[in-house]
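Please arrange chain B on chain A, whose structure you already have, making use of the hints.
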Amino acid sequence: GNSVTQMEGPVTLSEEAFLTINCTYTATGYPSLFWYVQYPGEGLQLLLKATKADDKGSNKGFEATYRKETTSFHLEKGSVQVSDSAVYFCALSDITGRRALTFGSGTRLQVQP
Amino acid sequence: DGGITQSPKYLFRKEGQNVTLSCEQNLNHDAMYWYRQDPGQGLRLIYYSQIVNDFQKGDIAEGYSVSREKKESFPLTVTSAQKNPTAFYLCASSTDRDGNQPQHFGDGTRLSIL
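Protein chains in written order, with this note's numbering: chain A, 5 to 117; chain B, 110 to 223.
Please note that a few of the clues may not be correct.
[Claimed, not checked] Here are the simulated BS3-like pairs of lysine-lysine, each with C-alpha atoms no more than 30 Å apart in a straight line: (1) Lys56/A to Lys72/A; (2) Lys56/A to Lys166/B; (3) Lys81/A to Lys56/A; (4) Lys118/B to Lys64/A.
These are calculated hints, taken from the structure and not from any lab test.
The following block holds chain A by itself, in its conformation from the complex (with noise of 0.2 Å):
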């Protein structure tokens, strides 16, 4: 079946610092890949995405490539604001069946002043 690793938190960095939150995926065919955004006490709010292989997603400073031969969504931003302090999520769709998410078990981010 499908499914999705995310590297382990808490990832903790200082304001302007470089940040990278793996994310690998197993699944058949060639589902969609997504990131999304949960601050706290809120649902998740969607990132960013991408539908085909070499895709790259952005929004806001946050970019992730679609990597069919790694198998992987990496979240990236160059520069990080302790506004950014959340959880992450990545997440991919079933398009042959369910059409539901599949999700990661998020990465905490804490952005330091």
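Then chain B, alone, in the frame of chain A:
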């Protein structure tokens, strides 16, 4: 503004009681989903519905029930058969045309046992 509204934000359940979580969307989306989130874990799918009057079990449906009588509404009932209901419950919707569309989430309901 279009969106998904979940209510209540906090809910407490007594032993042997059924409780219902509300989820309403005005995005005109066909597909709706219920997920459960436990601390330190990702989201797990409880039920999903791709069209009115039809729904399917997800990965952890035991102890839960749903209905989809209207396009905009997808309530979740946590029954007394669910022995460990304490969790954060998230409702989502999508256009679901081709499986490439993102899901939009509500702000969640936190359920606790009294």
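(Q) Name the hints, by number, that the structure is in violation of. (A) none
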